[in-house]
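S.K.: Residue numbers (the numbering used here), protein chains in the order written: chain C, 350 to 662; chain L, 4 to 252.
Don't take each hint at face value.
In silico BS3-like pairs for lysine-lysine, Cα to Cα no more than 25 Å straight-line [to be verified]:
1) L:126 <-> C:546
2) C:546 <-> L:52
3) L:186 <-> L:197
4) C:459 <-> L:75
5) L:52 <-> L:12
Keep in mind the hints are simulated off the structure, nothing from the lab.
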Amino acid sequence: MFFLRIKEFGALVGMAVFFVTFSFLSNRFATVDNLMNTLTMAAELGIIAIGVCMLMISGEFDLSVGAVFAVAPMVFAIMVNHKISEYLALLVCLILAAAIGLINGVVTLKTGIPSFITTLGMMMFWRGILLAVTGGFPIILSRRMRMLDYFGGRVTGGLRYSAIWFIIITLLFWIVLERTRYGNWTFATGGNLGAAKALGIPSERVKIINFMICSTLAGFAGLTTFARFKIVDPTLGQELELEAIASAVMGGTLLTGGYGSVVGALIGAAMISMVRNGLVLAGAPAYWYRAFIGIILIVAAVINARIRKKVAG
Amino acid sequence: MKDFIIEMKNIKKSFGKVQALRGVDFHVSRNEIVGLLGDNGAGKSTLIKILVGYYQPDDGEVYFEGRKVNFKSPWQSRQLGIETVYQDLALVNLMPLWRNFFLGREIIRKIGPFSWIERRKMKRIVIDAMNDVGISVRNPDETVAFMSGGERQAVAIARAIYFGAKLLILDEPTAALSVGETKKVLQHIEEAKKRGISVIFITHNIYHVYEVADRLVLLERGEKVGDYLKKDVTPQYIMDTIAAAAGVR
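Based on the provided sequences and hints, a complete structural model is requested.
M.R.: This is how it looks when you write it as structure tokens:
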């Protein structure tokens with residue numbers, strides 16, 4: 350059946366089910382404004398999930414994205430509060446995020462330890478730095494600036510610029526994955542590393558670039574959140590790394606690499622956001638949200654695995 | 004001498020205290036199918052890995068089309084037309100056939116600073132190239148995971164033919180195949196020869212290679228123990244020679 354070959358099929362059906370369910374449970378759910386709001390809420394998680402998805406397809410992990418999500422805006426806020434130009438600050442914090450990805454990649458590949466460990470260590474390191482630098486207190490942006498509006502400011506109603514970035518970034522990386530040679534190499538590197546190397550694919554370079562993409566997008570996502578709140582807390586983004594992996598997996602990406610879709614990751618993030626929003630509107634206590642996501646994740650992974658076995662072996 | 008596509012002289016290689024190759028001479032002529040035989044651990048794969056540049060020899064020389072070469076990586080030898088098909092390392096299971104076929108050699112079209120892969124063109128070529136080795140492809144978007152062992156070998160062989168390989172190295176291509184499929188793979192190998200490609204067929208099963216080979220080279224414990232034209236020997240004789248060299252009576 351051809352439609353099963355669409356990698357995002359399972360996630361699309363899942364999202365449709367939740368959409369219908371929540372529409373019945375609350376008449377405020379299926380309004381344009383609320384859906385825009387849901388998409389905006391999905392964006393900050395989703396931008397990270399795109400990078401995590403790329404990296405997972407090439408067969409590696411990044412657990413440090415949640416920390417990078419906090420480090421980038423922290424560096425930005427400190428620099429701007431010291432009267433440094435916001436454009437320079439933006440450049441520095443994105444380069445820092447990319448550099449963290451580079452270190453993750455180089456350490457993982459040159460030493461041969463699993464990326465799970467490298468990036469777990471990196472996460473702890475930066476969380477420690479965050480606490481040490483701030484003393485545990487949040488940093489508040491001391492002046493207003495137009496630039497930040499283009500990251501997290503309102504476009505109209507519940508829709509913010511972060512949602513637009515989210516969609517642009519998803520499309521961009523969908524094209525990279527499906528329509529370029531680099532995408533082909535990413536799939537091959539994660540799918541069968543030995544074969545990729547035997548065929549002359551520069552697998553190490555592919556992985557390192559994906560580590561950098563992943564980390565940079567996490568920093569960028571942190572900035573969109575910061576643009577919304579103008580305040581950054583050292584605990585910002587905790588556990589976001591796991592939600593990003595969950596989004597990618599719900600979207601059909603394989604934890605072991607070689608298979609996946611960034612559009613799926615977008616749908617996964619949107620699904621998580623939709624459930625969070627829908628449960629609140631349906632009057633369920635907010636505590637239920639995590640439990641619910643946990644179940645969805647497992648069910649989604651099982652269904653995706655079944656579909657994949659049918660179409661891709 | 005000039006007709007050798009590849010010639011290896013006095014190749015020696017040790018891994019720590021283990022001497023994997025003790026001065027092996029090996030050559031393949033143009034348009035020749037050579038069966039490389041030997042028991043497990045005889046040094047067959049080490050010899051081939053030196054040939055393609057995966058390992059560097061401790062001593063000895065390699066000549067490709069008469070010129071001395073010193074491959075530092077399999078990528079370099081592949082550029083010159085030496086295509087190797089390893090048992091498990093030929094294809095990426097979860098990827099569609101057409102992506103596998105062109106992996107590392109994608110057809111691209113440049114638009115400004117961007118380059119796109121030409122999906123339609125590649126899909127069309129895959130169907131034709133597979134037809135050439137006698138396999139009709141239903142849908143090039145299907146992943147190769149569902150292909151049989153024989154079909155997978157055919158993909159790798161068709162790929163080598165399409166990209167103009169001069170020397171095709173097959174590592175145990177028939178090891179996990181049924182009788183019928185083995186026969187088909189042997190046909191693909193003969194097809195490759197018809198197109199002027201030399202073939203090295205690595206196996207420890209003389210009966211698989213005997214049908215197609217022009218010459219048989221026997222390795223045992225890192226040494227060449229036999230080099231026969233097929234017409235001069237029987238399979239039984241080869242079996243006995245390998246067994247004797249390995250110390251089995």
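S.K.: Now, for every hint given, state plainly whether the structure supports it.
M.R.: Quick rundown of the hints versus the structure:
Only pairs whose Cα atoms come within 25 Å are accepted, and residue 126 (chain L) paired with residue 546 (chain C) is accepted, the gap being roughly 23 Å. A C-alpha spacing of about 14 Å is found between residue 546 (chain C) and residue 52 (chain L), which places the hinted pair at or below 25 Å, so the restraint holds. Note on residue 186 (chain L) and residue 197 (chain L): the hinted pairing holds, with a Cα-Cα distance of about 17 Å set against a maximum of 25 Å. Proximity of residue 459 (chain C) to residue 75 (chain L) is assessed by CA-CA distance (about 19 Å); at most 25 Å being required, the pair is judged to hold.
Taking the CA atoms of residue 52 (chain L) and residue 12 (chain L), the gap is near 15 Å; set against the 25 Å cutoff, the hint holds.
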